[in-house]
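Colleague: All chains should be modelled from the sequences, with the hints used to inform the complete structure.
Single-letter residue listing:
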Amino acid sequence: MSFGIKPLGARVVIKMVEAEEKTKSGIVLPGQAKEQPQMAEVVAVGPGTEEEKMELKAGDKVVFSKYAGTEIKYAGEEYTIMSQKDILAIVE
Amino acid sequence: MSFGIKPLGARVVIKMVEAEEKTKSGIVLPGQAKEQPQMAEVVAVGPGTEEEKMELKAGDKVVFSKYAGTEIKYAGEEYTIMSQKDILAIVE
Amino acid sequence: MSFGIKPLGARVVIKMVEAEEKTKSGIVLPGQAKEQPQMAEVVAVGPGTEEEKMELKAGDKVVFSKYAGTEIKYAGEEYTIMSQKDILAIVE
Amino acid sequence: MSFGIKPLGARVVIKMVEAEEKTKSGIVLPGQAKEQPQMAEVVAVGPGTEEEKMELKAGDKVVFSKYAGTEIKYAGEEYTIMSQKDILAIVE
Amino acid sequence: MSFGIKPLGARVVIKMVEAEEKTKSGIVLPGQAKEQPQMAEVVAVGPGTEEEKMELKAGDKVVFSKYAGTEIKYAGEEYTIMSQKDILAIVE
Amino acid sequence: MSFGIKPLGARVVIKMVEAEEKTKSGIVLPGQAKEQPQMAEVVAVGPGTEEEKMELKAGDKVVFSKYAGTEIKYAGEEYTIMSQKDILAIVE
Amino acid sequence: MSFGIKPLGARVVIKMVEAEEKTKSGIVLPGQAKEQPQMAEVVAVGPGTEEEKMELKAGDKVVFSKYAGTEIKYAGEEYTIMSQKDILAIVE
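Residue numbers (my numbering), protein chains in the order written: chain A, 39 to 130; chain B, 39 to 130; chain C, 39 to 130; chain D, 39 to 130; chain E, 39 to 130; chain F, 39 to 130; chain G, 39 to 130.
Calculated from the structure, these hints are not laboratory results.
Since this is a predicted model, take the numbers as computed values, not measurements.
Misleading hints may appear alongside valid ones.
Said to hold, decoys possible - Over 10 Å on every C-beta distance to chain E, these chain G residues come out as not near it, computed from the model:
1. Lys44
2. Val55
3. Lys95
4. Gly97
5. Lys123
6. Asp124
7. Glu130
Stated by the list, open to error - Listed below are the simulated DSS-like cross-link pairs for lysine-lysine, each with C-alpha atoms no more than 27 Å apart in a straight line:
8. C:Lys123 <-> B:Lys104
9. B:Lys111 <-> A:Lys91
10. D:Lys104 <-> C:Lys123
11. B:Lys99 <-> C:Lys123
12. A:Lys44 <-> B:Lys99
13. E:Lys123 <-> G:Lys44
14. D:Lys99 <-> C:Lys123
15. F:Lys95 <-> D:Lys111
16. D:Lys91 <-> C:Lys99
17. E:Lys91 <-> A:Lys123
18. C:Lys91 <-> B:Lys91
19. F:Lys53 <-> G:Lys44
20. A:Lys111 <-> B:Lys95
21. D:Lys104 <-> C:Lys91
22. D:Lys91 <-> F:Lys104
23. C:Lys123 <-> B:Lys111
24. A:Lys44 <-> B:Lys53
For every residue, glycine included, the Cβ atom is placed at its ideal position computed from N, Cα and C.
Modeller: What follows is the structure, given as C-alpha cells:
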C-alpha cells in the first residue's frame with residue numbers, strides 16, 4: 039500500500055523515531071528530555087527540483103534541523119513535512 | 039463552467055476542505071481547533087514560470103504552510119490565492 | 039486617446055474597481071469595510087523585463103497584494119503603480 | 039552645454055518638477071502637502087549595466103518611489119541621484 | 039568499520055579535539071575556558087553539491103565558526119554536523 | 039610616484055574634496071554643515087571583478103552614498119576605501 | 039617551514055601588524071587607540087572558489103573590515119582567519 043502524502047518539490051515526509059529505536063541505532067540526541075527529538079525515518083520523498091536532486095529515499099533514518107518542517111496528522115499518525123535542505127545526515 | 043479566477047505565475051487558488059472531508063481522507067491537523075486549518079483543494083492553477091513549473095492541478099488535495107496566501111471571497115465562497123512554493127504536499 | 043502613464047519594467051498601472059462592479063463580477067474581499075479593497079482594473083502595462091515577461095494587459099480585472107504599489111493622482115483620478123509580481127490573479 | 043553630473047551604472051539624475059508644471063501635465067500626488075513630491079524630470083542617465091539596460095532618457099517626466107535616492111545641490115539647483123529601479127513610470 | 043553518520047550535501051561530521059591534542063598541534067583558541075572550543079577533527083564528509091565541491095576529508099583537523107552546526111550523540115560519543123562553509127581552515 | 043594603497047576587487051580609494059574645490063565645481067551638498075560631505079576625488083581603483091567592471095579612474099570627482107566605506111589614514115592624509123557600487127555619479 | 043593553517047575556499051589567514059611597522063609603512067588608522075587595529079599581513083591564503091579567485095598572496099600588507107574574521111592562537115601567536123571579501127586593499 040503506497041503512502042498517501044506526496045511531498046512537492048524537494049520536500050520529504052518523515053516520522054519521528056521512538057526512543058527504543060534510537061537506542062538500537064546508537065544515536066542519542068543531547069538534551070532530548072527537554073527538546074523535540076531530531077531523529078526520524080523518511081516515509082516519502084518529493085520529485086526534487088532542477089536545483090536540488092533528491093538524495094534521500096523512503097526508509098532512510100535521518101537527523102534533521104530542530105524547528106524545521108510542518109507537522110501533520112495522517113491516518114492517526116503524526117508526520118512532519120520538511121525540506122530536504124533541513125535534513126542533516128543519514129544514520130546507518 | 040470554468041472557474042473565474044486565473045492565478046498569475048506559479049500561483050494556485052485553493053479552497054479550504056471542511057472538517058468532514060478531512061476525516062474521510064484521514065488527515066487531521068494537530069491543534070486545528072486553535073489554528074487555521076491547513077488542508078485544502080486546488081481549484082485553479084497559474085501557467086507557472088520558467089523557474090517554477092506547475093506540479094499541481096485542479097482537484098489536488100493539498101497541505102500548505104500556515105499563514106501563507108491571500109484570502110478572497112468569490113461568488114459567495116472563500117478562496118485563498120497562494121504561491122505553489124507554499125504548498126507542502128499532495129494528499130491522496 | 040492613449041493613457042499618459044507608461045510604467046517602466048514589469049510594472050502595471052491599475053485603477054481600483056468600485057463596489058458596484060465588484061458585486062457584478064462576484065468578487066467580494068473579506069473585511070473590505072475595514073481594509074483597502076484589493077480588486078482593480080489594469081489600465082497600462084510596462085514592457086516587461088528579460089526576467090519577467092508581461093502576463094497582464096490593459097483591461098484585465100485583477101486581485102492584488104494588500105499594501106503593494108504607489109498611489110498617484112492623474113487627470114483627477116487615482117491610480118496605483120505596482121509590480122506585476124504583486125498581482126495575484128486575473129478575475130473573469 | 040552638457041550637464042555636469044554623470045551617473046554611474048543604471049542610475050539617473052532627476053530634478054523635481056514644480057507644482058505649476060504638475061498641474062499642466064495633469065498629475066497630482068495625493069497628500070503632497072504633507073509629503074515630498076514624487077514627480078520629476080530626468081536630466082542625466084548612466085550607461086546602464088549588463089543586468090539593467092537604460093529605459094529612460096533625459097527629458098522624461100517620471101514618477102518615482104518616495105524616499106529613494108540621494109539629494110545633491112549643483113550650480114545652485116537641487117537634484118536627486120537615483121537608481122532607475124526606483125523610477126516607477128514615465129508620464130506623458 | 040565505516041562511520042555510521044553520512045552527511046547530506048556539502049556537510050561534514052566533526053568531533054571536538056581534546057585539550058591535550060590541541061596543545062600538541064600548537065593551536066590554542068583564545069578565551070576557550072569561557073567559550074566552546076572551535077577545533078575539531080573531520081570524521082565524515084557528504085558528497086558535496088554542484089555549487090560546492092568537498093575540500094575536506096575524514097581525518098582533517100579543522101577550525102570552525104563558533105555557534106555553527108548541530109550537536110548529536112552517536113554510540114556514546116558527541117559529534118557536530120556542520121556545513122563545510124562553516125569550516126574556516128585545516129590545521130596541520 | 040604611484041599611490042601606495044591598491045584596492046581589491048571593485049573597490050576604490052577616494053579622498054574628500056575640500057570646501058573650496060566644492061565651490062569651484064559648483065557642487066554643494068545640502069545640510070553639509072551638519073553631515074559628512076559626500077563629494078570626493080578618486081585616488082586609486084581596484085581591478086574590478088567579473089560581475090562589476092571598473093567605470094571609475096583616478097582623478098574622477100565623485101558623489102557617493104553617505105555612511106559608505108572605511109576610513110584610513112595614510113602618510114598623514116585621510117582616505118576612504120569604498121565599493122564602486124556606493125559611488126553615485128561623476129561630477130565634471 | 040610551511041605555515042600550518044590552510045584556509046578553505048576564498049579565505050586568508052592574517053596577522054596584525056605591530057604599531058612600529060605601521061608607522062614605517064605610513065598607514066595610521068584613525069581612533070586606533072580605542073578600536074582594534076585594521077592593518078595586517080597575509081600569512082596564508084586558501085585555494086579560492088570558482089566565484090572568487092584569490093587576489094592576495096602571503097606577505098601582502100592589507101587593510102581589512104573592522105569586526106570581520108575569527109581569531110585563533112597558533113604556536114603561541116594570534117591570527118585571524120577572514121574571507122578575502124573582507125580585505126579592502128593592499129598597502130605597499
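Colleague: All the hints need checking, so say for each whether the structure fits it.
Modeller: Status of the hints after comparison with the structure:
1. Lys44: Label violated. Min Cβ-Cβ 4 Å, cutoff 10 Å.
2. Val55: The claim holds: valine 55 of chain G sits with its nearest Cβ about 19 Å from chain E, beyond 10 Å.
3. Lys95: holds (17 Å)
4. Gly97: holds (18 Å)
5. Lys123: holds (13 Å)
6. Asp124: holds (13 Å)
7. Glu130: holds (26 Å)
8. C:Lys123 <-> B:Lys104: holds (21 Å)
9. B:Lys111 <-> A:Lys91: violated (38 Å)
10. D:Lys104 <-> C:Lys123: holds (20 Å)
11. B:Lys99 <-> C:Lys123: holds (26 Å)
12. A:Lys44 <-> B:Lys99: holds (10 Å)
13. E:Lys123 <-> G:Lys44: Answer holds: lysine 123 of chain E to lysine 44 of chain G is near 14 Å, not above 27 Å.
14. D:Lys99 <-> C:Lys123: Holds - the C-alpha atoms of lysine 123 of chain C and lysine 99 of chain D are around 24 Å apart, at most 27 Å.
15. F:Lys95 <-> D:Lys111: holds (23 Å)
16. D:Lys91 <-> C:Lys99: Status violated; Cα separation ~30 Å.
17. E:Lys91 <-> A:Lys123: Judged against 27 Å, a Cα distance of about 16 Å means the pair holds.
18. C:Lys91 <-> B:Lys91: holds (15 Å)
19. F:Lys53 <-> G:Lys44: violated (36 Å)
20. A:Lys111 <-> B:Lys95: holds (23 Å)
21. D:Lys104 <-> C:Lys91: Holds, because 26 Å separates the two Cα atoms, which is no more than 27 Å.
22. D:Lys91 <-> F:Lys104: holds (26 Å)
23. C:Lys123 <-> B:Lys111: Holds - the C-alpha atoms of lysine 111 of chain B and lysine 123 of chain C are around 21 Å apart, at most 27 Å.
24. A:Lys44 <-> B:Lys53: holds (19 Å)
Hints 1, 9, 16 and 19, counting from the list given before, are not met by this structure.
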